[in-house]
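Produce the entire structure from the sequences given, and follow the hints as far as they go.
There are 2 protein chains.
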Amino acid sequence: MTYLFNQPEAFVNEMIQGFAAAHRNHILPVDGGVIRCHKAKPGQVVVVIGGGSGHYPAFGGLVGQGLAHGAAMGNVFASPSAHQICNVALAANTGGGIVFCYGNYAGDVLNFNQAQERLQAQGIDVRAVVVTDDIAAAPPAERHLRRGIAGTLPVFKAAGAAADAGESLDEVCRIATEANARVRTLGVAFSGCTLPGARQPLFDVSHGKMAVGMGIHGEPGLHQMDALDADGLAEMLFDKLMQDIPPVIDHPEGARVGAILNSLGSVAQEELYVVYRRVDQLLRGRGLVIVEPVVDRVITSFDMAGVSLTLFWLNDELEHYWLAPADTPAFKRSIVSGPLDDPAGHTALIQPIARQHVTTGSRDSQKAAAVILEALESAMYIIDTQREELGRLDAVAGDGDHGIGMQRGLTAAVDAARKVRAAQAGAGTLLTAAGDAWAACAGGTSGALWGVMLCSLGHVLGDTVMPDTATVATGVATALSEVKQRGKAQPGDKTLVDVLQPFAAALDQAVARGISVAVAWKDAADVAHDAAQKTRDLLPRIGRARPHAEKSIGTPDPGAVSLALVIGSVGEVIRRHCA
Amino acid sequence: MTYLFNQPEAFVNEMIQGFAAAHRNHILPVDGGVIRCHKAKPGQVVVVIGGGSGHYPAFGGLVGQGLAHGAAMGNVFASPSAHQICNVALAANTGGGIVFCYGNYAGDVLNFNQAQERLQAQGIDVRAVVVTDDIAAAPPAERHLRRGIAGTLPVFKAAGAAADAGESLDEVCRIATEANARVRTLGVAFSGCTLPGARQPLFDVSHGKMAVGMGIHGEPGLHQMDALDADGLAEMLFDKLMQDIPPVIDHPEGARVGAILNSLGSVAQEELYVVYRRVDQLLRGRGLVIVEPVVDRVITSFDMAGVSLTLFWLNDELEHYWLAPADTPAFKRSIVSGPLDDPAGHTALIQPIARQHVTTGSRDSQKAAAVILEALESAMYIIDTQREELGRLDAVAGDGDHGIGMQRGLTAAVDAARKVRAAQAGAGTLLTAAGDAWAACAGGTSGALWGVMLCSLGHVLGDTVMPDTATVATGVATALSEVKQRGKAQPGDKTLVDVLQPFAAALDQAVARGISVAVAWKDAADVAHDAAQKTRDLLPRIGRARPHAEKSIGTPDPGAVSLALVIGSVGEVIRRHCA
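Here the protein sequences line up with chains D and F, keeping their order.
Each residue of the first sequence is one higher than the last, beginning at 1 in my numbering.
Each residue of the second sequence is one higher than the last, beginning at 1001 in my numbering.
In case anyone wonders, no lab produced these hints; they're calculated from the structure.
Just so you know, nobody snuck in bad clues.
DSSO-like cross-link-like pairs, simulated, lysine-lysine; straight-line CA separation at most 27 Å: (1) F:Lys1209 / D:Lys551; (2) D:Lys419 / D:Lys367; (3) F:Lys1367 / F:Lys1522; (4) F:Lys1332 / D:Lys41; (5) F:Lys1332 / D:Lys332; (6) F:Lys1332 / F:Lys1039; (7) F:Lys1240 / F:Lys1209; (8) F:Lys1551 / D:Lys209; (9) F:Lys1041 / F:Lys1332; (10) D:Lys39 / F:Lys1332; (11) D:Lys332 / F:Lys1041; (12) F:Lys1367 / F:Lys1419; (13) F:Lys1039 / D:Lys332; (14) D:Lys534 / D:Lys488.
Listed below in structure tokens is the structure:
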């Protein structure tokens, strides 16, 4: 939906005012749209684009050096009037003639044609190049009936860059026409869009479906189908575009293409990149050479969720203009640096974190290491089985990824522990390796704290002695102290400290009682279990990244629960070995 | 929601791969994040940023010349691990020391601190500047506890630009620290966000409400309140930021500020500009000088709907770095051109469409003009009363703005007609003036076609004769022919042609029958009324911008209905005058 507006009728005017205010050094508002602040040279050809509003950056956002000289900006989804177009054109004109460039829509054709007639009647030479890149809108034989969507960008850019290079009116038209002949786009939509002040979406797509070929005003496309995943969508768009290669291209292999992956509004940049990953693979797989792709919002439809893929089949001349610098509010291209001379030289610079040389542990410590490895494996097993429950607990107040993070960390920890165990590591080295791997692979706060706990314990246990109750208690106490210091959490903050502290205290008391590690751990594990359950009653400290902090009352902290689970499963393993 | 992904667990890795593929000439992926392709000079300070993913362009999108040298990219909303950070830092390092720069979140602090210790242990000088710009996160006295949000951009930029300028490690840290001391942000959220693969939003905001100060992971902020309109929101954010001016600023009047209006995801660029319009007014109203504002997505939270406003209180040094060129995938700043020498010189170039000299009409034609003006006023009245119904009809298959467009066009037409009528225009001049004004102010297809109809009729009626039935019939026939030619619509396409054609035919028959204009018009108006109703049974031609074309069966075309309404009301006026 549209969240921010004042009077809906004033939306476009206020938008243009804000747009001009934000780009004061580049854009000048005129009645009917905007022009560049820095006017073209006298006698130069100027390129005037335009269309309805609601498609930002189309059209005002594309005015600036190397692109358009002016944009007529109509009302929401409505063509600018011939009067507006004339005004913008006259403001941009420096006497060298004007090229109108716009997408093929009935209202735009009507109004741009009228404007063209009026200006011609004033003795100004005005030409028009209409963009028709949407392959869903008509079959190849009727290309002239197709709509203009994201393919407008390369056509506008070719025209604007050629005009700024001082080309003649004939040449600018020829180049823009050639660009249009070589550009193809296909889009899909997952949702409609809701215009400012409207209570209902202007159009809609059923949940879980996608409309293939739907236009940027919701024009019906080819068909609806079940929504594909990112890779599937990339493949579908690629396949269909490869069935509509411009006739001038003899063999796609070796062809050079500009690619545009466009978000129609609500699809996030991260999602575009996930799709682009597959697009890149597919284009390269077919032997195409991708030239400076654009992955961005290029032509939108308010908050519509959807994407389109454009292929711009280059020749030398068009590649030159595609790569030419541009500086507009929404599209900037610096002088493109060539590919890196020696990218491998870079990667070679990356020094992996120095692998610790595995110190061979004493026989006793190797024995302990074997038990610890088994304990880690056992912990991995219990966390695997509890992963979804931990995610559920985490989702109450957080982002629900605690179970996945624990699993990722433990898997890496076990893997590292197995490796150093095979190299005869003692308990200390094994725990340190496991802790480092856990932190490295799990990331986040929890990963870092688990890394700290295992490493602290490892440093105290060392690689020589068979750890007794006192050593273990000291190790856990050290872990607690490190976790509190680094994690800045105190008891009562509803974190794993609320389990670790009573667990450490229980082990400490066990030392005084002179009992075995197995028994001490078992008793302390019971304490830990209860402590984890008690975190139900706590409220997370304000300011932490827990959106629904208050909702978590009544639910134990997932970090506390998973620590208690690990402690419990470790206790089982110790008991088995000491029995 | 998130629409496009494959396996949710693979989302971040695939995103980074696609990101790197899209920016091959600028970005190099390394284990843990990305670095610049073009490495810093040997011995130069490098700036390494980072944080969880899901905030694009933060953080990978901000790597490039004039900004960061590398970014550690963690999992979704999770800090990168110390291992990842070390990897990125080592890959970017050229021996001149490293500045870590990141937002103040527990997980990031923990992992960046660990990475710092590890690198220092390897003899690398590493410093850290933690960004704390979110005024909602803690009171001014506890600034160090505040979170880092959109204010990260100016701090990163100050650090990166200073490093690229060859400043020492001490200097880069001092400059970044000073930047952080001078940046303040406040945000609001209207909705939560849904992570890839999740069925529920991670957090949410009640419909019609906004959460003031909510963090980019949904951290609770100050309070919830009824959502404000665009101006109200700008005022609220401005007021609160002006209550938290950095202590170093003595008087806000005359101060120079960089401003950032950031969309957290789903708020469209058009909406940002509507809000920015008011921000600009407010800042200028308080005597502040805005320096190159940024109105864009700067730090997001997937598809969260929300915005934040940042004020960056500049001194000379920071202004220099704020304006310095930058070239990253998501943030590019060209060498900023000064304000235009003579902006007025531009506006002066705009030649308004030459006002037609008003030809005085004959006495007969002036009489006819009086009737036509009254007819237009009557049409305006009927359209005013039917505006909502026309909007409702239009919303069935289109964007629901037909009533508003008709109202806008008729108001302008009546206004223009009154002016030329006062200057003794004849019927032809009056109709032409009304048609031009209608088309200019209403825009879109409908505005253009109404302009064509009135102008065609005007040309035939001329400024000398009292129009008889034959003249009127010829005028309407001309209008029909022009509309068909320019609008490219045929009878049966469910447009106003489906009314205009039978109306013209009925007038034509009336000529043969030799009846008066009043009677002829009345009969033809009945035909037009019926024809408008019959458009219920038609299907709009495929390819037009009618999203729900098929749904419109059973509903008459709004353009046909409004034409019939105008014809009807004009008939009443003619009859009154001829009776």
